[in-house]
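Residue strings, one per chain:
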Amino acid sequence: MKRPLMFGIAAAILVAIVAAAVVPRLLASDESFNGTAVDPDGPPEEFTLVSAAGDVNLSDYRGSVVVMYFGYTNCPDFCPATLSKLSKVREQLGDDADDVQVLMISVDPERDSPERLAQYMASFDESFVGLTGSDETLRGIAAQFGIFFQKAEGGDASGYTVDHSTTLVVLDQQGRQRLFLPYELTVDQVSHDLENLL
Amino acid sequence: MSRIFGRSNLRSCWPILLVAVVALVMLAACGDDDGDDSSGSDGDAAIVVTDAWARPAILLDDDAEMEGEETAEEGEMDHDDMEMGMGGANGAVYMTIENNADDDDRLVAAETEVAGAVELHNVNMVEGVMQMREVEGGIEIPAGESATVVLEPGGLHVMLIGLNQALEVGDTFDVELDFEQAGTITVEVEVREP
Ligand SMILES: [Cu+2]
Numbered sequence: 000m001k002r003p004l005m006f007g008i009a010a011a012i013l014v015a016i017v018a019a020a021v022v023p024r025l026l027a028s029d030e031s032f033n034g035t036a037v038d039p040d041g042p043p044e045e046f047t048l049v050s051a052a053g054d055v056n057l058s059d060y061r062g063s064v065v066v067m068y069f070g071y072t073n074c075p076d077f078c079p080a081t082l083s084k085l086s087k088v089r090e091q092l093g094d095d096a097d098d099v100q101v102l103m104i105s106v107d108p109e110r111d112s113p114e115r116l117a118q119y120m121a122s123f124d125e126s127f128v129g130l131t132g133s134d135e136t137l138r139g140i141a142a143q144f145g146i147f148f149q150k151a152e153g154g155d156a157s158g159y160t161v162d163h164s165t166t167l168v169v170l171d172q173q174g175r176q177r178l179f180l181p182y183e184l185t186v187d188q189v190s191h192d193l194e195n196l197l
Numbered sequence: 000m001s002r003i004f005g006r007s008n009l010r011s012c013w014p015i016l017l018v019a020v021v022a023l024v025m026l027a028a029c030g031d032d033d034g035d036d037s038s039g040s041d042g043d044a045a046i047v048v049t050d051a052w053a054r055p056a057i058l059l060d061d062d063a064e065m066e067g068e069e070t071a072e073e074g075e076m077d078h079d080d081m082e083m084g085m086g087g088a089n090g091a092v093y094m095t096i097e098n099n100a101d102d103d104d105r106l107v108a109a110e111t112e113v114a115g116a117v118e119l120h121n122v123n124m125v126e127g128v129m130q131m132r133e134v135e136g137g138i139e140i141p142a143g144e145s146a147t148v149v150l151e152p153g154g155l156h157v158m159l160i161g162l163n164q165a166l167e168v169g170d171t172f173d174v175e176l177d178f179e180q181a182g183t184i185t186v187e188v189e190v191r192e193p
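Sequence lines, in order, name chains A and B. Sequential numbering from 0 applies to the first sequence in numbering that gives the first Met the number 0. Sequential numbering from 0 applies to the second sequence in numbering that gives the first Met the number 0.
The hints are simulated quantities; they were obtained by calculation from the structure and are not laboratory data. Mixed in with the good hints, there may be bad ones.
[What the hints assert, rightly or not] No more than 20 Å apart at the CA atoms, straight line, and that leaves these computed lysine to aspartate or glutamate pairs for DMTMM-like:
1. LYS150(A) / GLU192(B)
2. LYS84(A) / GLU192(B)
3. LYS87(A) / GLU192(B)
4. LYS84(A) / GLU167(B)
5. LYS84(A) / GLU151(B)
6. LYS150(A) / GLU133(B)
Work the whole structure out from these sequences, hints included.
Set out below in structure tokens:
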């Protein structure tokens, strides 16, 4: 009678100790993502766009985690919110931020010149790059990542606005598409996901 | 073992918790007194605007030439519209509007020295797609305290089109708001990070 009881207690204590030691570690090294993970098979097609510094190929960023946003400089709300969030993410990543490249691909090539994009992006973070190209090229790239954009009627002064997806597309250091990050994610959540890819 | 530790931890913590709760209650109680700081009008006014703020924005210089030829297709938008949209950058002003009058009111227009034009906009998220639209006929401000209208990121905003000066954190500027009933109210807008 006594033996099995003692054994039972000892076993319970052991289990508790092991659980206490292992569970927090599992939670800390959380390999899961806040964003939506996508099948990394089939790297995205190469593309070439224009920055203020000249032509840019997507493959130029191999070795960095690439965060792509599709937006435009006349956008006063979601675009600055997203870009300032990403600049805070880079701050939070510290030295790891050196391996993260944020790109904004214009959904308004008519009004976004490469120079305008460069000024706009630098106002959030010196490392950010803005890219544009022909309407056709931009549509092809967006479609590849399931990003939607379309002109919409604005007021007399704004002329037109551009409806666009707000989701971020993330590629890993091998240039494979890995994640979609919805607009709602916080600085901490985005940092966590990018950290997991580094 | 870890459980006992956890329990004693809790026991030594509860006075702190109690103090925190009391402090929170006190904070909430005095919050009502100093809530409105950047008000454009006093308490008895029909329309009370509080917490007017704008995101920082830089001045974009389009003189850094741009040859639109190869990218400008898709007719529709004539060149006058394009030119106006292109000057400077755009900005957004957010605020809280309360209507203490007996009748509903409507914010129909706005004006400011810092931008070439101002429009009243709303942003909708439809399945992850951001859609920004001009609000037809202005923004309705229903009467009654419970009907406070909040202009905030991801929703309604006073859109500044073609800024003619950069908006830097800490700057302030005036915006004139035109209400159908209450007339024109000038509010001071503070530039700050959200
Ligand atoms: Cu707007």
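Now for the hints, and whether the structure bears them out:
Straight-line distance between C-alpha atoms of LYS150(A) and GLU192(B) comes to about 28 Å, which puts the hinted pair past the 20 Å bound. Straight-line distance between C-alpha atoms of LYS84(A) and GLU192(B) comes to about 11 Å, which keeps the hinted pair within the 20 Å bound. Of the supplied pair hints, the one linking LYS87(A) and GLU192(B) holds, its CA atoms being roughly 12 Å apart against a limit of 20 Å. Proximity of LYS84(A) to GLU167(B) is assessed by CA-CA distance (about 18 Å); at most 20 Å being required, the pair is judged to hold.
A hinted pair counts as satisfied when its Cα atoms are at most 20 Å apart, and LYS84(A) with GLU151(B) qualifies at roughly 17 Å. Pair hint LYS150(A) plus GLU133(B) holds up; C-alpha atoms about 14 Å apart against a cutoff of 20 Å.
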